[in-house]
Amino acid sequence: MITDLLPRLLLALAAWTALAAHAALPIQHWTTAEGARVYFVESHNLPMLDVSVDFPAGSAYDAPDKAGLARLTQVMLDQGAGQMSEEEIANRLADVGAELGGRFDRDRAGVTLRTLSSAKERSEALAILVDVLQHPHFPDAAFQRERNRMLAELKEQEAQPEDVADKAFYRAVYGTHPYGLPESGTARGLNQVKQEDLARFHAAHYVAAGAVISMIGDLSRTEAEQLAARISAGLPTGPAPASIAAPVAVKPETLKLSLPSTQSHILMGLQGMSRTDPDYFPLYVGNYVLGGGGFDSRLLEEERQKRGYAYSAYSYFNPLVQPGPLEIGLQTRQEHTEDALKVAHETVQNFVAQGPTQAELTQAKGNLVGGFPLRLDTNKKILEYLAAIGFYRLPLNYLDTWTSKVQAVSLDQVRDAFRRRVNPDALSVVVVGPQATQ
Amino acid sequence: MNIISFFRWAAAGLFLATASAHAAVQDFKLDNGLRVLVQEDARAPVVVSQVWYRAGSMDEFNGTTGVAHLLEHMMFQGTEKVPAGQFSKQIAAVGGRENAFTNLDYTTYFQQLPKDQLALSMKLEADRMANLKISDETYNKEIQVVMEERRMRTEDKPQAMVYERAMSVAYQEHPYRRPIIGWMDDLEHMTAQDARDWYRRWYAPNNATLVVVGDVKANDVVALAREYFGPLPAKALPARKPQDEPEQKGIKRINVKAPAKLPYLLMGWHAPVLRDVDRDQLPYALQLLAGVLDGHDSARLQKALVKEGKLAVNLDVGYDSIARGPGMFYLEATPSEGVTVDVLEKAIRAELDKVIASGVSEQELNRAKAQVIASDVYQRDSGFYQAMQIGELATVGLPLRLLDERVAKLRAVTADEVKAAAAQIIQDDHLTVAVLDPQPIEPKPRRAPVPGVKNDY
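Protein chains in written order, with our numbering: chain A, 1 to 438; chain B, 439 to 895.
Extracted from the complex, chain A is given alone in its bound form (with noise of 0.2 Å):
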C-alpha cells in the first residue's frame, strides 16, 4: 500500500498547491473499546510487520526522589511476563528471529516489535508482546540486576563530557520541571526505588486509555483490529495520567564544569516549542538555517567551515508534549572555547535580529519539500511517524500537508518566530571539558 501511493505523493509535490489534500500516507485510525488510540497502514510489499505501543509513562513522570523508576520499569518489561521467564522470552523471541525494542524519552514509553509475517512467526511474536505489555512480573533478581546495570551506566557518564553537559543543560533550562530529570534519572533516585514500586508504576501509567497503538507491514485490517483490541484489553484500566504541567520561565544559567577531556563540550539553549505548537513550521524551518541544515546551516558555516572549530556544530527543537528545549551544541579543544562560544552566541544573535535571507529560506524549503519521499522511505520511519501523529495527537492528515506547511512559511513568519520565541540573552550555557588554567 506504501508504494501504491507514494509515486502519487511525488506528483502532488510538484504541483503542491492543487493537490496538498491528497493522502501521503493511507493511515487507519480507530479506537479500541477501552480507549487506546490505533494508528495502522496496511503494506505487502514484504512479507514483515512493524508494531508499537506507547504510554505517557516517560522520564517527566518520575518523582525527583525516585529519579529512573519510569526507565527501569520499561527496562523490565520483558524480564518475565506472564507464564514465561525472561529466558524463556528472550528464546522464543530468537526462535521466531523477531525483535523487541524499546522506544524511551521525556514524554513516551514503549514497546515496539518487528517480526515475520508468516502465520507461526507473527502470532508467537505477538503473543509474546502482548504478554510483557498486559503482565510482566517485575521479578526481584532481575530488578536488582538491572537497576545495578543502570547504575553502572549512569557512572560511566559521568566520564563522557556529552553526557555531562546534556544533565546540566536539562536542569539548566527547566529547574525543578520534570523535563530538568535525567531520563535515566538518577544514582539516588534509583536506589531509592523498590520492587514494588515497578508494578504500581506500571498499573499507573501503562493504561489502554493512554496508549498509542501503531502498525505497518503485512497485515489485514481485519487483522490490525484483532491485535489492537488483543492488546487494549488486558492492559491496566483506569484514567490516562495526569498531562505533564507546563514548565515555568527560568533564569539562565552559565555552567562551567571540568572534566579531564581534550575537548571543551558546550550547550546552549532555552525552553522552545511543544510539538503542536502554532510556531512549529516557522520555527522549524528556521532552524534549518540557523543550525538544522548541515553544511546549509549558519553554525556549521560559522564554526566549521570557516573556522575550523569544530567537527560538528548544531541546533535543534526537541518538540515535547510540553515545550521542549532549543539546543545548540559543538565540541572544540581547550583554547578555542571561548572564541567558539562567542561565534555560537554572536550567530544566534545575528539570525534572531535578522532572519534568514530570502535565498537561504528558498534552499532550507527546496531540501524539506524536495526530501519528503525520504522521510517515508522504510517501514520503520513510518512506523515513527504513525507513534508521532498518535502520541501527540497530531491531525490524521499530518503527513498530507506537511510539505505545503513548510512551502507556505514567509521570512517574516521565521523572523517573528524566533523574536519571540528565542531570546539569545535568556540562552543558558554549559561547558564541560579541561579547566582553562589562568
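There could be a bad hint or two in this list.
[Claimed, not checked] Here are the simulated lysine to aspartate or glutamate pairs, EDC-like style, with alpha carbons at most 16 Å apart:
no., chain 1, residue 1, chain 2, residue 2
1, B, K699, A, E156
2, B, K748, A, D140
3, B, K595, A, E162
4, B, K699, A, D163
5, B, K595, A, E153
6, A, K405, A, D277
7, A, K155, B, E775
8, A, K155, B, E880
9, B, K748, A, D163
10, B, K595, A, D163
11, B, K571, B, E518
12, B, K807, A, D95
Note that these hints are calculated values from the structure, not bench results.
Knowing the structure of chain A, use the given hints to seat chain B on it.
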C-alpha cells in the same frame, strides 16, 4: 495531471514493486573500468547512490596515517566547476541528503535523493572523481576539523582509545594496526601535498564502484553513468602489497590508562575471512558461533555472565567475515561493580572452554540461524542498507551472488562445525587482551569548580 491518472500510475507502481522486490543486482562495467551495480527497488520514489573507492586506511603508509579520511573531507572542498561548499548545497537544494565514510578497506560517498534527481548526483560525483582542487587554504582549515573529530571520537572516548591501542598491538605487520582517523602526530605533520598525492594515486574510475538502489531502471542508470563517468580516463593503479600478518606466537596483553569510571575488557583472536565463498566454511561457522554466544538476550554469554552470573553489565561478541584484510573474532565486556577484569576474563574463558569441549546444542544453533533468516528479510526495508551490502562485497572482491546464497550457506552449518571453529580460533597463541585502567576524573581539590557546581564563566 488529474486524479484518475494518478491512481493508474499508482497501481502500476504497486505491480512493479511486487515484481521487483527481489530483483537481482545488475552488474555493468564501463570502458574506463568503472563498475556500475544497480538494484531496482520501487517501494518508495527515492534513490540512493554510492561511489565506493577501493582505497581505505589500509592503503596508507606510515607517517601519513589518516590521509584517506582527510581526503574524504577534502572531497567536499570544491573543483574548478563546483566551488567549495557547492556540492552539498546543490544536493540539499533538491531535497537530498549526503555524506561519506572512510573505513579500513574503502572510502564511500553517498547521496539519498528523490528518484528523479539521480543525474545531479552523478554529475557532481563524476566531477570530483577527476577534478578536485586542494588548496593550501582549505586544507589548513580542514585538517583542524579532522583533529577535532579525532579528539571527539578517540581521545575523549576511553573505550575507543583501548580499541585503537589493541589493534596496534594485535597486528604487527598488517596495516589494520593503524587507526582509520590517523595518529594525532601524523595529522599534525600532514600536508596538503599528502592529500593531493593520495587523490592522484587512488581516485579513478577503474578503482571505483557505483552502486545505485531505488526506484530506477538499471538501463537508465547505466546510460547516466556512461554520460557522466564515461569520459573520465582510467589510471594505472599502484601495485598493492599483501602485507600479510605473520602468525602470532603467543598471547599479547596491554593496559590502557584513561580518565574513566569503569574498567573495560577487549579480547581479540585472529580469524579468517571469506575469500572463496564456495569452499570456505570457517567464516560461516564463526558467524553462527558469535550468534550462539551473544545473538540475543539469553544467548550463552549473556545468560551466563550478565543475567545469571552478574559478572558483567555489558558484553558483546563481534565477527565480520567480509574484509580485504585479515579477520578478527572479538569480545568486549564491562565488569559489574566489585568484579575485577581478571575475574571477568576467567569467567569468559571458562564459558568459551565449554563450547570448545562440549559444543553447542541444535536448539542454540537453530536460534542463531532463525535470526539470520529473519534479518535477511528485515534488511530489505532499507535501500541504503542494501546498497551498503552490495558495495562492500564488490569492493572487497567477493561475488555478488553471495547476497542470495548467504542464508543457505549459514543454514548448512552444523553444530559440529561450530564446535570445531571455536576450537580452531579461540586459542591463546592468537589472542590479544586489552584492558582499560580507569584514571580518576576528579581534579585535585582546589578553588576551581567541581562537576555539578555552578560557576561563573
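Review point. Which hints, by number, does the structure contradict?
Key: 9
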